[in-house]
Each structure stands twice: as C-alpha cells, then as structure tokens.
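S.K.: Sequence:
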Amino acid sequence: MWTICIEGPYKFSHNFAERLLAKEAVDFPVSTEAVNSLRFDIAVKLLLNSDDLEDLCHFCGEMEKETDLNWIQSEMCLRWFHQAYVESPPTENTFKCFACSF
4 MWTICIEGPY
14 KFSHNFAERL
24 LAKEAVDFPV
34 STEAVNSLRF
44 DIAVKLLLNS
54 DDLEDLCHFC
64 GEMEKETDLN
74 WIQSEMCLRW
84 FHQAYVESPP
94 TENTFKCFAC
104 SF
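Counting in my numbering, the sequence shown runs from 4 upward without gaps.
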C-alpha cells in the first residue's frame, strides 16, 4: 500500500507519477472523511506556500506603488482594487467587489 505524503507543492504529483511509471498499485482512501481530510491538508499546504497577494490589484494584478492613491478595498473580502477597474465607486459608500456581489 502506498501512503500519500505531501511535503512540498509538487510532492504528491511526483510520487503519483513515479508509482504509475513503475506500474505499482496506487491506493487512495475513499471514505468521505478521508477524502475531506486530504482536501483540507492540500488546501492548507497551498495557502501556506502561496505568494502574498495583499499588495496586488485583484483585477489587473499590478503591484501597489506608494504613489497610487486611487485604490479601494472590498468590505467583505478585504481585497484591493484600482478604482478605475471597478467603475470608480464613491469611496464614502460600502464597496463590494464583483466576487463578493454574488
């Protein structure tokens, strides 16, 4: 039996490919609890190994500059956007980005 061990962002893919190429059996847990646990572990690893996107406009991906004054933050998800890309909403109103508006 093969045990899934995720130590780095590509460890799972690498181990999976090695087993397939070696024509070894790959045994995955199939219970709902085991699958959800594996999903949770993968999500945590992805978040911990992700880049910090706090200083990016979540519309265009451009990095914030100290001279940029025309940014607005979504009240729900706390992401930042250039006002021009979100149709320049009034800053005195509560702003919800397109993702939070659904």
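I should point out that these hints are in silico values taken from the structure, not numbers from a laboratory.
Don't take each hint at face value.
Think about it this way: if two alpha-carbon atoms lie no more than 20 Å apart in a straight line, the pair counts; the simulated EDC-like pairs of lysine to aspartate or glutamate are [said to hold, decoys possible]: (1) Lys48 x Glu65; (2) Lys99 x Asp44; (3) Lys68 x Asp55; (4) Lys48 x Glu67; (5) Lys68 x Asp58; (6) Lys99 x Glu69; (7) Lys26 x Glu36.
Since we're looking at a predicted model, the values are computed, not measured.
S.K.: Now, for every hint given, state plainly whether the structure supports it.
M.R.: Evaluated hints:
1. Lys48 x Glu65: Violated, at roughly 25 Å.
2. Lys99 x Asp44: violated (30 Å)
3. Lys68 x Asp55: Holds - the C-alpha atoms of aspartate 55 and lysine 68 are around 16 Å apart, at most 20 Å.
4. Lys48 x Glu67: violated (26 Å)
5. Lys68 x Asp58: holds (9 Å)
6. Lys99 x Glu69: violated (24 Å)
7. Lys26 x Glu36: With a Cα-Cα distance of about 28 Å, the restraint between lysine 26 and glutamate 36 is violated, given a limit of 20 Å.
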